Amino acid sequence: MSSLNLLSVWATLAAIGVAVPIIIHLLYRKNRKETDWAAMELLRRALVQRSGQIKLEDFIILLLRCLTLLLLAAALLRPVLTNKEFIGDSKVGMIVAIDDSMSMNHGATTRFENAIEAARKVTGTASPGDKISIIFLNEKDISDTEKVPLRSADYDANEVSKILDQAKKNGASNHQSNLENSIPILKEMADEIKVGTKEIHIITDAQQSDWNNLSSEAKGILGDISASIYVIPVNSENDDNRSVTSLQYVSGSLNNSGVARFEATIKNHGNNDANSGDIEFYQDGNLVSRQPLGVIESNSSKVISFLANYNKPGDLSVSAKISKDNLSEDNLRHTVVNIRPNIRVLCATDSASDGLENSTNGLFFLENALRLRSTDEGAGIQVTSVDSSDLTLEKFNEYDIVILANVSSPSVEIAEKLKTFTTNGGGLMIFAGDNIDQEKYGQAFGITPESILPAVIGNKTTASEEDNNQWTLAVPSSDHPIARVLKLIPEDMINGAKLNSVIELKPLSGSQTILKLVENNAPLLVSKNTGEGSVTICSTSANRSWSDLAIHPIYTIMIQQAVTTTTSKPGSRLAMVHSPKSISIEGIIPSNAKLQKNNIGGNDAEDIETSKLAVSAITNDSFKVEVKPEDITDTGIYNILDPQDSSLGIIAVNSDSAESNVKVAAGDALKETIGTINNVSIIVESPDEAILNKRTGSDLTSILLMLSIICFVLQSILAKYFTNKISKGETDIAASLQLSNVAAARRT
Amino acid sequence: MAQHKKKYLDPEKLKQIGSLEIAARQVVEGLRIGSHKSPARGISSEFSAYRQYVAGDETKHIDWKAYARFNRYYIKQFDAETNFIANLLVDGSKSMTYGSNPKNLTKLEYAKFMAASLAYLTINQGDSAGVGMFDGELSNYVNPKSSMSVLNDISDQLEQLEPRPRTNVGGILHDFAHRMSKRGFVMLFSDLFDNTEEFMNGLSHLRYGGHNVILFHILDDYELNFPLNGMWKFLGLEGEGELVTQPARVRENYLKELESFVNDIKSSCAKNEVDYVLVNTNDPVEKTISDYLLRRTAMAKSR
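Protein sequence lines correspond, in order, to chains A and B. Residue numbering for the first sequence follows the working numbering, starting at 12 and increasing by one per position. Residue numbering for the second sequence follows the working numbering, starting at 3 and increasing by one per position.
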């Protein structure tokens with residue numbers, strides 16, 4: 012709350028405090044009664060005698076009433092005196108927030124160990140009767156007692172010590188600190204502590220990636236917290252760290268028996284060049300390759316490739332591990348790809364009956380691109396070509412991919428079947444051509460984002476003379492697996508692919524543009540995931556009528572990679588630590604499933620404690636397995652097992668690579684980021700002494716409340732006394748006068 | 003209080019009776035039932051003459067001092083045994099119209115009942131009684147007579163009385179003092195809230211004329227105890243304007259003022275040998291009269 016806002020709150024409360032008694036007084040005057048009166052002179056004389064007194068009494072009562080409300084309003088604002096020698100309640104409400112992110116594991120003596128020691132010093136300043144909360148800043152839910160072991164509890168030194176000992180033993184997590192999300196939690200915890208002097212101690216390595224990028228919204232919340240916030244940075248000896256920031260499938264046929272290329276990216280986050288160590292590649296947990304890392308310059312990355320050979324279908328795990336450094340948690344990274352036994356492709360076109368030998372037929376080029384090793388009937392890609400009119404006779408679930416090349420207008424029935432097919436995991440590719448009727452496509456598939464098509468199909472456009480009647484294929488910038496493999500091709504070769512006609516594509520939300528044209532930036536290849544499957548549209552024809560793409564090497568690479576990624580879905584087996592994950596697996600649904608963690612390097616696999624994984628059917632021959640965040644609290648390769656301990660599939664669990672940049676925000680940078688917030692202080696040395704020196708506040712709330720009650724009681728007593736001064740023993744004057752008459756008469 | 007209710011007519015019930023004459027009879031009957039000693043005997047205190055004792059006279063009336071001197075029995079005679087004239091003057095000013103409880107009697111009504119009752123009592127014992135009202139002037143005056151028929155006139159005149167602002171009270175009493183040729187009783191019923199000094203001068207003149215003067219100072223219970231709470235607006239009955247105050251907060255001062263006011267009147271009465279009776283309109287009329295007569299008897303005995 013800004014000081015101006017605080018002032019206006021004060022002013023409003025003061026105005027109400029003063030106005031309420033006056034309004035009550037005026038209302039009271041308005042509700043007066045009337046009577047005739049004979050003894051006016053006596054009354055007038057009594058009033059004259061009393062008037063001065065009454066004014067004073069009224070003033071005193073009004074003053075006390077106003078004071079009551081003002082004190083109450085002041086108490087509600089929970090003011091804290093800066094002078095601790097003064098009266099007031101000096102109880103402290105302390106929240107100790109310890110950064111529990113992966114970067115805290117950095118160093119020989121880790122940052123986390125230093126943080127625990129700092130926490131001991133901070134909590135040592137508490138006294139019995141103080142309130143204390145301890146929270147570990149990680150991605151766990153706030154209800155998790157491991158995240159918040161103490162919440163608004165009465166301070167107990169032994170209990171705090173036990174918690175810190177246990178935390179030190181466990182070490183920091185492999186989570187992100189999630190500072191943006193943690194700040195509102197800290198505010199919530201501060202609000203629930205009901206003492207005047209509140210302190211939040213954030214003990215952190217002040218990682219640049221967290222603190223330098225703190226949003227203005229989070230800063231605003233920090234400023235709104237009604238507590239003194241102390242940021243206590245802890246550090247290790249240096250900021251040096253190398254990490255495997257990514258490991259991914261790049262290219263290669265993921266069919267039964269083949270070779271695939273993987274790339275590991277190693278980044279040197281430190282300030283010094285690194286020139287030592289190796290990288291090891293593991294395939295299904297077995298070491299298969301070791302390469303020297305060579306020189307990696309400061310703040311630079313190096314990509315190292317690995318070719319994986321495989322000869323059986325199923326999930327293949329690949330891990331990359333670099334030599335140990337100051338932060339071992341990010342030295343290892345995993346990925347999993349699904350090796351298909353074979354791929355069944357159904358190709359359809361309007362003119363299939365013309366014969367596949369006809370070079371004007373798109374299927375001719377498609378089949379040639381797909382059947383690279385057509386001699387092996389049991390493996391590779393099996394292609395079935397049909398006329399589009401026969402599509403209604405085909406069972407799509409017998410195929411992995413359906414390709415529509417220059418199919419004029421799929422019926423609504425076909426469109427519905429394709430929708431079910433792709434939602435359940437099938438792939439659909441559509442190539443343009445002269446027969447395409449864009450309106451009928453719109454009618455059959457829809458033109459809204461709910462459509463399975465990644466783009467709305469528009470009119471055919473042809474390159475103008477200005478463009479020399481041809482367009483050029485641009486080097487892809489997308490991160491899509493198809494684009495990733497095309498990036499490996501020299502640029503001039505990519506630019507050598509020329510196109511003269513395309514259909515206009517208006518990408519819908521949720522879609523990804525993989526390829527574009529140089530001249531007009533028009534999309535050439537657009538893809539979208541639909542349920543478990545995907546749909547891709549190519550804006551040019553599958554044959555040579557609209558481009559020479561069909562005879563360009565890119566065509567084959569593009570088709571092969573599209574088919575591979577559509578069927579193998581290399582990203583589908585990757586999960587982030589402590590995040591939910593859903594995996595679709597082909598086969599008969601088991602009664603239940605469980606997880607087993609595979610160790611890398613030949614050690615025995617270990618069963619981990621998980622509840623049974625939820626499994627649900629997708630189709631008759633595919634099902635879905637749900638993995639909960641609490642099932643994958645560590646990085647690694649996890650095997651999903653059926654009740655007979657047979658492997659159903661594998662997932663790779665990695666941590667966020669952002670945590671690998673362990674560089675801390677420099678003092679000035681940290682001050683610049685949060686030092687300007689009024690209630691935030693950065694304490695670099697001796698946190699206990701600094702905090703005790705700063706802890707000067709005394710909570711005046713209870714004093715003000717007490718004073719308010721005293722004023723209220725006092726005004727009630729005075730009001731009663733002033734208005735009813737008749738004591739019980741007072742003699743009735745009339746009786747007294749009459750008795751005195753009788754007595755006087757008797758005396759006479 | 004429970005005994006009072008059985009013994010006396012509550013002012014509230016008296017109001018319900020309506021006719022002054024009937025009410026006066028009931029009041030007097032109530033007095034007789036309530037007291038074995040006839041109040042008539044002591045109404046006069048004037049010594050008249052001696053006469054010789056005859057058989058049948060009460061021995062307590064024998065003047066033993068005369069017997070010592072003359073060796074004969076003489077009986078001491080009082081005016082009580084002779085006719086006397088009682089003039090009952092009721093204050094008809096507007097301030098007398100105040101009554102705190104609408105069901106109860108106003109001060110004026112109370113004064114009327116008292117006057118009627120005392121007139122009846124007087125005539126009933128063979129003496130003369132007359133009634134007059136004073137406000138701006140003496141009005142509705144009924145000459146004293148000893149016949150019971152005058153009671154009707156007295157009742158009629160009292161019932162016709164319309165309150166008016168009080169002026170020239172002193173002059174009226176002075177005129178009345180001159181007007182009374184024969185010494186007698188003058189009973190005044192007033193709240194004395196206006197022209198008090200002038201009023202007391204008039205009383206002094208009456209007393210100077212040799213009349214026995216009895217002042218019934220009639221006040222409402224609220225005027226005597228001022229028990230009001232909350233915020234009140236007081237409207238003056240004699241054109242004094244209005245006052246707004248919280249009565250509870252000025253009660254103490256008001257009662258002090260009232261005490262001082264009453265004490266001033268009492269001392270003035272004592273100085274002029276005027277009988278002073280403070281009346282609370284909450285008390286039954288016959289109790290007020292009875293109390294006064296007992297007091298009167300006590301005074302007569304002491305002489």
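Calculated directly from the structure, the hints in this document are not laboratory data. Just so you know, these numbers come straight off a predicted model, no measurement behind them. From the three backbone atoms N, C-alpha and C, an ideal C-beta is built for every residue, glycine too. The reader is advised that the hints may include incorrect statements.
[To be verified] Taking lysine-lysine pairs in the BS3-like style, the calculated list, with each CA pair at most 30 Å apart, reads:
{"hint": "1", "chain 1": "A", "residue 1": "K198", "chain 2": "A", "residue 2": "K682"}
{"hint": "2", "chain 1": "A", "residue 1": "K731", "chain 2": "B", "residue 2": "K235"}
{"hint": "3", "chain 1": "A", "residue 1": "K173", "chain 2": "A", "residue 2": "K705"}
{"hint": "4", "chain 1": "A", "residue 1": "K509", "chain 2": "A", "residue 2": "K471"}
{"hint": "5", "chain 1": "A", "residue 1": "K731", "chain 2": "B", "residue 2": "K258"}
{"hint": "6", "chain 1": "B", "residue 1": "K62", "chain 2": "A", "residue 2": "K44"}
{"hint": "7", "chain 1": "A", "residue 1": "K180", "chain 2": "A", "residue 2": "K605"}
{"hint": "8", "chain 1": "A", "residue 1": "K66", "chain 2": "B", "residue 2": "K258"}
{"hint": "9", "chain 1": "A", "residue 1": "K509", "chain 2": "A", "residue 2": "K313"}
{"hint": "10", "chain 1": "A", "residue 1": "K428", "chain 2": "A", "residue 2": "K498"}
{"hint": "11", "chain 1": "A", "residue 1": "K173", "chain 2": "A", "residue 2": "K198"}
{"hint": "12", "chain 1": "B", "residue 1": "K289", "chain 2": "A", "residue 2": "K44"}
{"hint": "13", "chain 1": "A", "residue 1": "K44", "chain 2": "B", "residue 2": "K78"}
{"hint": "14", "chain 1": "B", "residue 1": "K273", "chain 2": "B", "residue 2": "K105"}
{"hint": "15", "chain 1": "A", "residue 1": "K498", "chain 2": "A", "residue 2": "K517"}
{"hint": "16", "chain 1": "A", "residue 1": "K313", "chain 2": "A", "residue 2": "K608"}
{"hint": "17", "chain 1": "B", "residue 1": "K105", "chain 2": "A", "residue 2": "K66"}
{"hint": "18", "chain 1": "A", "residue 1": "K151", "chain 2": "A", "residue 2": "K471"}
{"hint": "19", "chain 1": "A", "residue 1": "K132", "chain 2": "A", "residue 2": "K102"}
{"hint": "20", "chain 1": "A", "residue 1": "K608", "chain 2": "A", "residue 2": "K592"}
{"hint": "21", "chain 1": "A", "residue 1": "K323", "chain 2": "A", "residue 2": "K406"}
[To be verified] Some, not all, of what chain A presents toward chain B, calculated at C-beta under 10 Å:
{"hint": "22", "residue": "K44"}
{"hint": "23", "residue": "A57"}
{"hint": "24", "residue": "V59"}
{"hint": "25", "residue": "S287"}
{"hint": "26", "residue": "E427"}
Exercise. Which numbered hints are broken by the structure, listed smallest first?
Worked result: Numbers 6, 9, 10, 12, 13, 14, 17, 18, 25 and 26 - these are the hints that the structure violates, sorted from lowest upward.
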